[in-house]
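Novice: The listed protein sequences derive, respectively, from chains C and D. What the first sequence shows, in my numbering, is residues 37 to 572, in sequence order. What the second sequence shows, in my numbering, is residues 34 to 534, in sequence order.
If you're looking for bench data, these hints aren't it; they were derived computationally from the structure. Note that the coordinates shown come from a computational prediction; the quantities given were computed from them, not determined experimentally. The reader is advised that the hints may include incorrect statements.
Some chain C residues near chain D, calculated using beta-carbon distances under 10 Å [stated by the list, open to error]:
| id | residue |
| --- | --- |
| 1 | Y92 |
| 2 | P94 |
| 3 | G414 |
| 4 | F421 |
| 5 | L428 |
| 6 | A429 |
| 7 | L451 |
| 8 | S463 |
| 9 | A498 |
Backbone N, C-alpha and C fix where the C-beta goes; we use that ideal spot for every residue, glycine too.
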Amino acid sequence: MTRADCITLLPLILIAGTAILVMLVIAFKRHHALAAGLTVAGLVAVFMSVLAVIPYVPRHVTPLLIMDRYALFYMGVIIVSAVAVAVLSFPYFEKQEGHHEELYVLLSIATLGCAVLVASSHLMSFFLGLEILSVSLYAMIAYLREHKQSLEAGFKYLVLAAASSAFLLFGMALVYADLGTMEFSRIAAASAVPSHLGLWLPGIVLIVTGIGFKLAVVPFHLWTPDVYEGAPAPVTAFIATVSKVAILALLLRFFYYPGVQQSRTLFVVFAIIAVASMIAGNLLALWQTNVKRILAYSSIAHFGYMLVAFVAGGTMAVEAVTFYLVAYTVTTLGAFGVVTVLSDSSRDADRLDDYQGLFWRRPLMAGIFTVMLLSLAGIPATMGFFAKFYVLAVGASATKWSLIIILVMTSTIGLFYYLRILVALYSTSSEGEPSVQAVASVSGIVLAVLTALLLWFGLYPALLLDMIQRHAVPSVAELLTPESEKLSQPIASGAVYFRPTATLIFDADVGAHVAGRSESAQSPVQDRPVELGVGR
Amino acid sequence: MMLVWLIVIPLVGGILAWLTARWSMQLPRWISLAAVALDLLLTLALWIHGGSTVAGGATAAWLAEVDWNWVPRFGIHFHLGVDGLSLLMLVLTFFLGIMSVLCSWTEIREQIGFFHFNLMWMLAGIAGVFLALDLFLFYFAWELMLVPMYFLIAIWGHERRIYAAIKFLLFTQLSGLLMLIAILALYFVHHQATGVYTFQYGDLLGTQLTPVAEWWIMLGFIIAFAVKLPVVPLHAWLPDAHSEAPTAGSVILAGLLLKTGAYGLLRFVVPLFPNAAHEFTPVALVLAVIGIVYGAVMAFAQTDLKRLVAYTSVSHLGFVLLGIFSWNPFGLQGAVMTMICHGLSTGALFILVGALQERTHTRDMDRMGGLWTTVPRLSGAALFFALASLGLPGLGDFVGEFLVLLGSYQISVGITVVAALGILASTFYALRMVQRVFHGENTQRWQLPDLSPREALIIAPMIVALLWLGLYPQPVLNTFAPAMHNLQREANLPAVVWQKR
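Produce the entire structure from the sequences given, and follow the hints as far as they go.
Specialist: If you want it as structure tokens, here you go:
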């Protein structure tokens with residue numbers, strides 16, 4: 037580990053440092069505000085370090101991690117979301133009895149796990165990051181141990197996450213047994229050549245199982261409504277945003293080497309998952325009356341939409357998915373933020389009755405929630421609309437017409453349940469005077485910032501698109517097949533660093549069959565790209 | 034720049050109205066009134082300044098134009114432009130906007146600020162639809178019209194308002210999304226042909242499309258406009274939305290929202306997809322005539338006054354569809370005249386029905402009768418607008434329908450005959466309505482206050498406007514003429530002669 041390596045790892049080191057610092061402080065003095073404040077300050081410092089590290093990347097730090105601008109962009113998103121969750125959870129847990137400082141330690145550790153995930157370029161760091169994240173989540177979900185629902189949710193998540201981790205590990209083992217390598221770049225290169233064992237494809241499908249569980253897509257979604265409902269509202273916000281963002285970032289990175297569209301099996305797998313998520317997510321939400329469950333199913337549907345763009349492929353797809361992720365994060369944080377603010381110590385504000393006539397009682401909260409719901413529904417002037425438009429554009433450019441039509445149809449079904457909440461918000465309540473209770477100012481600030489971001493990027497998305505284009509599109513763009521769409525404007529790519537380098541310190545390759553494989557990422561043997569085109 | 038102001042003034046006015054509601058019940062109303070009046074003045078200034086001399090299109094100049102870069106990544110511009118057609122629609126928009134603010138003066142008593150916010154933003158969205166020259170911006174404004182209308186119906190509507198609002202939103206949202214897919218398809222086909230990513234109307238005109246692609250993309254657009262227009266199989270949302278909305282909502286729905294569908298057909302469908310539109314003409318003509326007759330028959334069968342007027346919209350907009358797809362000068366002029374005059378006459382009818390409902394608290398025609406004795410001025414006005422609606426010569430609607438029939442006669446005699454029968458059917462429902470509600474004996478012993486000065490202030494200009502359009506429509510036809518010539522040229526269609534067996 038050279039000095040430069042340590043500098044590039046600064047964000048990760050600082051997150052770990054924050055966690056340890058808060059833990060030590062708690063050991064000496066239990067003070068909720070202090071713990072929360074230290075966590076937020078630490079995370080802000082991490083964000084600064086992310087900005088400071090930009091000149092030093094890209095850099096391969098051990099074969100496990102790759103710090104490039106893609107990773108830094110997503111780390112920025114994760115850190116900001118974690119700060120928002122921390123700020124929102126402070127008033128929420130203040131209302132609860134007992135000491136709750138440990139939550140912030142867990143939050144920091146989970147954020148560390150997410151940061152490792154977005155920077156990972158090796159199956160082992162993938163697994164490590166995932167486990168760090170998962171174990172923290174087990175405790176965070178079951179945090180309010182006096183509430184039976186919370187405990188039940190925690191147990192459900194523990195059992196199912198452990199099972200999915202086992203599948204994931206098995207898949208990783210199969211891939212390693214077949215290809216002899218665990219690095220993403222080498223897996224991509226090696227998988228292009230047909231191997232005599234033929235185990236890597238089942239291995240990857242099993243890895244997809246593990247990823248699918250974390251993303252809560254169909255058919256791995258069964259835990260989602262119950263866990264979302266049972267967990268404390270800020271923790272739900274964290275699961276819904278930060279952990280999913282990290283996994284999807286890793287998915288994008290992992291699959292843009294071989295490219296989903298190049299392997300027919302993987303294409304079919306992801307297409308089925310996308311379609312099933314869109315349909316199941318939207319249809320199942322129709323029956324719900326619990327707001328948190330509605331939001332849970334709607335997030336399943338939204339990841340279905342994102343996977344449509346992912347399946348369509350191409351450089352535009354990476355941008356589209358990233359933009360959608362950011363839009364989804366802002367919206368979900370806002371929605372769950374409102375739920376958090378409205379909750380009290382006995383239970384979360386998740387029943388539809390809690391929102392009846394909210395506009396007449398607390399117009400600002402209802403207004404914020406309305407904007408979030410409109411963004412989820414994809415109404416113009418919100419970021420959600422532009423994100424959906426982008427996904428449709430990517431799908432159209434790849435002529436995946438059936439996927440797009442299904443997206444449109446299920447989006448319209450989705451309107452039903454968003455409208456149900458909207459109608460409840462504006463239904464006339466029996467009270468006469470609108471009573472405005474005090475909202476903790478920090479929560480109010482967070483929600484106001486989120487709403488402003490939503491509307492700003494909904495009306496003028498060029499800024500965010502620029503940022504994504506410059507930072508988040510990895511130089512994988514160069515590795516894509518010639519048939520993929522290249523836009524008329526030049527793509528600003530980072531330095532080329534995905535060529536396997538000779539400067540690796542740790543060489544884990546074993547087996548003679550590896551030596552014969554092509555080192556270039558351009559696979560000579562490719563499956564025909566599959567199209568669901570009409571009349572082409 | 035003026036075009037941007039046309040959109041921004043209602044937006045800002047709406048926000049101001051919402052904010053000032055805290056202190057005063059009247060201030061939001063006055064602010065909204067001022068905002069829309071200002072817009073109307075600006076539009077009239079634009080008209081007088083030179084609305085009849087220029088026409089828009091790919092090569093011709095627009096009367097006024099604004100073109101800014103919005104999202105360069107995609108080739109999306111904030112591109113507004115006005116020509117004769119859009120100008121007429123804008124005048125109608127702001128005129129009816131003033132009327133709708135005035136007619137809700139006493140009807141709306143709760144959350145006045147939010148009501149006017151929605152009203153203003155809806156007007157801004159409609160203005161955006163009529164002004165947009167960038168397909169993305171057009172879709173943006175199209176969707177933006179929906180949500181305020183949804184709130185208008187769902188919060189201030191009548192008994193079945195939630196059902197009506199949800200139905201309205203679902204129909205229009207689904208059709209709008211299909212149109213978005215069509216827009217994107219056109220966008221990418223254009224890129225494949227020319228290598229340029231653009232949503233600009235001017236650039237997309239003349240894109241070379243294969244027949245199959247042209248059909249499918251046109252279908253996407255037509256579905257969206259057919260739901261809005263409405264064309265008969267897709268009209269199910271209309272009676273509920275119109276009858277459950279508050280008066281201002283009904284006026285804007287009938288007067289403006291339906292016209293956006295017709296505007297879309299005129300501006301986008303036929304110029305962008307001339308060959309496919311040509312092939313679609315027989316279907317469109319038949320659907321139009323079905324709409325005319327079906328709307329008239331259904332209107333005749335209603336006992337709910339507002340639903341009756343709602344179905345007359347279906348019937349009248351059938352004439353518009355007929356005129357558009359005749360695609361000759363008479364038909365097009367007739368379509369635009371019908372659009373304007375229908376907006377005025379049906380808007381006025383909704384205002385009068387709303388006034389009646391405020392007084393009697395019912396829309397059921399069976400419970401009314403012999404109202405002429407108690408509200409003579411209101412009844413006289415209702416008779417006037419009922420006569421306008423059935424196409425009495427001397428009033429605007431007649432000019433429109435006559436021109437449409439002239440136009441469709443050149444295409445197909447059979448279709449024209451059936452359409453003319455539709456006019457006959459409209460006589461039935463209009464006169465039946467007047468007879469049921471106003472004539473006869475006042476068996477329920479209604480004692481109602483007559484038109485207040487404010488209501489008279491609303492009705493009088495509309496009477497004058499309809500008389501003017503009926504007796505001297507030439508200025509309006511002149512304004513539209515250059516735009517019409519341009520559209521015809523872009524569509525490159527000769528006048529079609531199509532014989533029905």
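Novice: Could you run down the list of hints and mark each one as holding or not?
Specialist: Status of each hint after checking the structure:
The closest approach between the C-beta of C:Y92 and any C-beta of chain D is roughly 28 Å, which is over the 10 Å cut-off, so the hint fails. With a least beta-carbon distance of about 24 Å to chain D, the hint placing C:P94 at the interface is violated under the 10 Å criterion. Checking C:G414 against chain D by beta carbon gives a least distance of about 8 Å; that is within 10 Å, so the hint holds. Given hint, C:F421 at the interface with chain D, holds; its Cβ is 7 Å from that chain's nearest Cβ, closer than 10 Å.
Because the closest C-beta pair between C:L428 and chain D is about 6 Å apart, less than 10 Å, the hint holds. Checking C:A429 against chain D: minimum C-beta separation of about 5 Å stays under 10 Å; hint holds. Interface hint status for C:L451: upheld, as the beta-carbon distance to the closest one in chain D is roughly 6 Å, under 10 Å. The criterion of a C-beta within 10 Å of any C-beta in chain D is met by C:S463, whose closest approach is roughly 8 Å, and the hint holds.
Hint status for C:A498: holds, given a least beta-carbon distance of 5 Å to chain D, under 10 Å.
Violation of the numbered hints given earlier is confined to hints 1, 2; the remaining hints are satisfied by the structure.
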